[in-house]
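J.: Each chain, written out:
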Amino acid sequence: MKPSVLRQGSRSRILAAVILGIAAIFVIRLFYLQIIQHGYYVDLASAEQMTRERIPAKRGEIYAMSGDSPVKMVLNETVYTVFVDPSVITEPKKVIDVMKQVAGGNVRDDFEDSVNAKELRYRVIANKVTRLQADKIKDAGLKGIGFQAVSQRVYPEESLASQVLGFVDTEGEGKYGLEGFENDALKGIDGRLETVTDVSDIPLTIGDRNVREAAQDGKNIVMSLDRNVQSHTEQALADGLKRTGATAGSVLVMNPNNGQVLAMANLPTYNPGKYFEVQDAAAFNNGTISAPYEPGSDVKTFTMATGIDKNVVRPSDTYYNTDSIKIDDRTIGNATKGHTGNITFQTALTFSLNTGFVTVAQRLGDGQNITKGARDIMYEYFHDRFRLGQLTGVELSNEAKGILISPDEEDGNAVRYSNMSFGQGLDATMIQVGGGFSAMINGGNYYKPTILAGEMIDGAFKKNADVQPVQSGVVTASTSSQMRDMMQTARAVSFGRTDKKGYNIGGKTGTSQVIKNGQYSDTETIGTYLGYGGAETPEYVIMVSVSGDNKQLQGARDALPIFTDISNWMLDYLKIQPKG
Amino acid sequence: MSNQSTSYYVNRRQQNWSRNQNTTRYVSAIKLGPVAHTVLVALMIIVLGLIYVTQATRTTGYDYEMQKIDSQIADYDQQKSELEIENTRLTALETVKNSSVAKEMTASADTQYVQQ
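Heads up: the protein sequence lines correspond to chains B and L, in order.
Numbering of the first sequence is given in the working numbering, commencing with residue 1 and proceeding in unit increments.
Numbering of the second sequence is given in the working numbering, commencing with residue 581 and proceeding in unit increments.
Simulated from the structure, these hints should not be mistaken for laboratory data.
A couple of the hints might just be wrong.
[To be verified] Here are the simulated DSSO-like cross-link-like pairs (lysine-lysine), alpha carbons at most 27 angstroms apart as the crow flies: (1) B/Lys-274 x L/Lys-648; (2) B/Lys-575 x B/Lys-463; (3) L/Lys-660 x B/Lys-128; (4) L/Lys-683 x B/Lys-138; (5) B/Lys-138 x L/Lys-660; (6) B/Lys-93 x B/Lys-58; (7) B/Lys-58 x L/Lys-660; (8) B/Lys-118 x B/Lys-128; (9) B/Lys-94 x B/Lys-58; (10) B/Lys-136 x L/Lys-683; (11) B/Lys-219 x B/Lys-58; (12) B/Lys-463 x L/Lys-660; (13) B/Lys-401 x B/Lys-462; (14) L/Lys-648 x B/Lys-128; (15) L/Lys-677 x B/Lys-274; (16) B/Lys-128 x B/Lys-143; (17) B/Lys-326 x B/Lys-310; (18) L/Lys-648 x B/Lys-575; (19) B/Lys-500 x L/Lys-677; (20) L/Lys-648 x B/Lys-143; (21) L/Lys-683 x B/Lys-242; (22) L/Lys-611 x B/Lys-58; (23) B/Lys-575 x L/Lys-677; (24) L/Lys-660 x B/Lys-219; (25) B/Lys-242 x L/Lys-677; (26) L/Lys-648 x B/Lys-136; (27) B/Lys-462 x L/Lys-683; (28) B/Lys-138 x B/Lys-93; (29) B/Lys-242 x B/Lys-219.
Only chain B is shown next, with the shape it has when bound in the complex:
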């Protein structure tokens, strides 16, 4: 017999049934919440407890060489943006006084209004406040004031090599120069932190869902550019512009034996740390790589090397100079007149006579005309060997390609190639000309121009492996030697007295007409000088270019003295001993 409490219809039984029913509701509800809605509530809890943060990667630093040691050119600095919540500020006058006293140079013009604007919640009142300043402000114990850490680039050398370095914009992206070209490598990869935190946002190790991926800091790049060479080059260029009245100029200094750039100077210039103050964006451009121009008479060395290498001329060979030469319906004249009659090609180079190099172009053909065969040879040497009109691949932003018309194109006719033989009718950058010229004088090895020397790893300098020539046999060793002699003679005849004794210094002047509105201007020219220096072997190549609106600048008068200044200094700096 059942106990009386469980008898059917008893109150206890009803109560038990009710309790059971309620328990069943609880179980069903809990099943719904814990099983069916599990994911939803886990997400809600995660959102409440978990903190997700980006671990910012440190942007790589940039070094330049100083002799054999790398020195820092670009670093990172943490500064603070100071903001206020005016509705929380209890002592506005004290906030204003402290800010003026501690960070007077960093506050915004309207910061007092911001502090007193009670209806606002967030106002920035000062930028780029240092840690020491921030600590002093914190020590004042002010309410309603906060700090946000911001990383910024520091350029301690200010405007030195600014166009080579480039800058980093407010979004943290590198622009121009090395900062732009190597932006991805310099930026690194941000890390990630997902963790349970307490009420003070302190990460806790409880739970098994914490994620910590360390940031991969950016690469610390060492440039081949030498800080001392760069500084002297910029000074020599500035002095040269002052002397000549030119308003713009560029100088490229490179090692012809490995393609490494030692200096790239450009004026006007700017301070990358204050790039936002620049009025004319042209100042950001690196003229040695971004501004193709007609190289003018510097190219005569390329034409002569082509002729010698193809065994159609020798420096001592002669031609009959009448100071003009006719190609199709065009007559080409010499800028320097009077050296008429039977003269050598050495004389033609020394006095930069256009007729001599048009004659070389003719001799590459049938001797009378610049035939298709002659043009093909010139194109092969200029474009495929000396690599004019091709990107060099130097590791800097905004490199321009230039233009070299192929003989297969309609415009690649005899008139164009006669002009090209003395440097007109083609566009090339200084880095292209410098790279090709290096191959011409170093025995015939073309090295890719480079600005990189290696990287810093854990504070130690790791040099790049020794570079190999991209192309050997650009010209024969004999051609290279004859070209060095020709340029040395050309320089010695007119300008050698300014050089240090006991060294081989050679070069070629260039004066290029500027094309304005599709026509050569009679009132504006660019003066250039392209040369090399060393003792037994060439140790450096220097190319100088000076220009100015409506200024007639000449290679010999305006660019050459800048070359001489840098060249004589380089001999001492590189500790090159004189011959014999």
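With chain B's structure known, arrange chain L on it following the hints.
T.: Positioned in the frame of chain B, the structure of chain L alone reads:
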């Protein structure tokens, strides 16, 4: 065919039991009922739980310690970075050129080389 002697392992307890046939086992007079068992199990669970909570709290304590040390490292890193920047600024060519020491220097003469 060679003869091999086989040795058998006899454990010591077994030997003892064999030697001391009169040994008696002690049986406690205290009997635990089901309720006492349940209470004991519950107590054990509580003790183990407390041990777990203590350990978990200890790791959290380490988190605060770690956070403090991380913060100190970050501060020192920043100070080091600031000193490096200051050092680089002070040794920048422009700073050196404009220094009072540099201004009092005489221009260097041309390098002369001695022939051997």
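J.: Given the proposed pairing of L/Lys-683 with B/Lys-138, does the C-alpha separation stay at or below 27 angstroms?
T.: violated (41 angstroms)
J.: So if I understand the rule, the pair passes when the alpha-carbon distance is 27 angstroms or less; does L/Lys-648 with B/Lys-128 pass?
T.: Cα-Cα ~26 angstroms, so holds.
J.: Run the distance test for L/Lys-683 versus B/Lys-242: straight-line Cα separation, threshold 27 angstroms.
T.: holds (22 angstroms)
J.: Does B/Lys-128 sit within 27 angstroms of L/Lys-660, going by the straight-line distance between their CA atoms?
T.: Roughly 18 angstroms between the alpha carbons, so the hint for L/Lys-660 and B/Lys-128 holds.
J.: With a cut-off of 27 angstroms on the C-alpha distance, tell me whether B/Lys-462 and L/Lys-683 pass.
T.: violated (36 angstroms)
J.: Please work out if B/Lys-94 and B/Lys-58 have their alpha carbons no farther apart than 27 angstroms.
T.: Status violated; Cα separation ~36 angstroms.
J.: Are the Cα atoms of B/Lys-274 and L/Lys-648 separated by 27 angstroms or less?
T.: Not OK: B/Lys-274 and L/Lys-648 at ~36 angstroms, beyond 27 angstroms, violated.
J.: Just to be careful, I want the Cα atoms of B/Lys-575 and B/Lys-463 compared with a cutoff of 27 angstroms; is the pair within it?
T.: holds (22 angstroms)
J.: For B/Lys-575 and L/Lys-677, compute the direct alpha-carbon distance and say whether it is at most 27 angstroms.
T.: Distance of about 22 angstroms is within 27 angstroms: holds.
J.: Would you check the hint for L/Lys-648 and B/Lys-143, treating anything up to 27 angstroms between C-alpha atoms as holding?
T.: holds (24 angstroms)
J.: Are the Cα positions of L/Lys-660 and B/Lys-219 separated by 27 angstroms at most?
T.: Holds, at roughly 19 angstroms.
J.: Take a quick look at whether B/Lys-118 and B/Lys-128 sit within 27 angstroms of each other, Cα to Cα.
T.: holds (25 angstroms)
The structure does not agree with the numbered hints 1, 4, 6, 9, 10, 13, 18, 22, 27, 29 stated previously, though it agrees with the rest.
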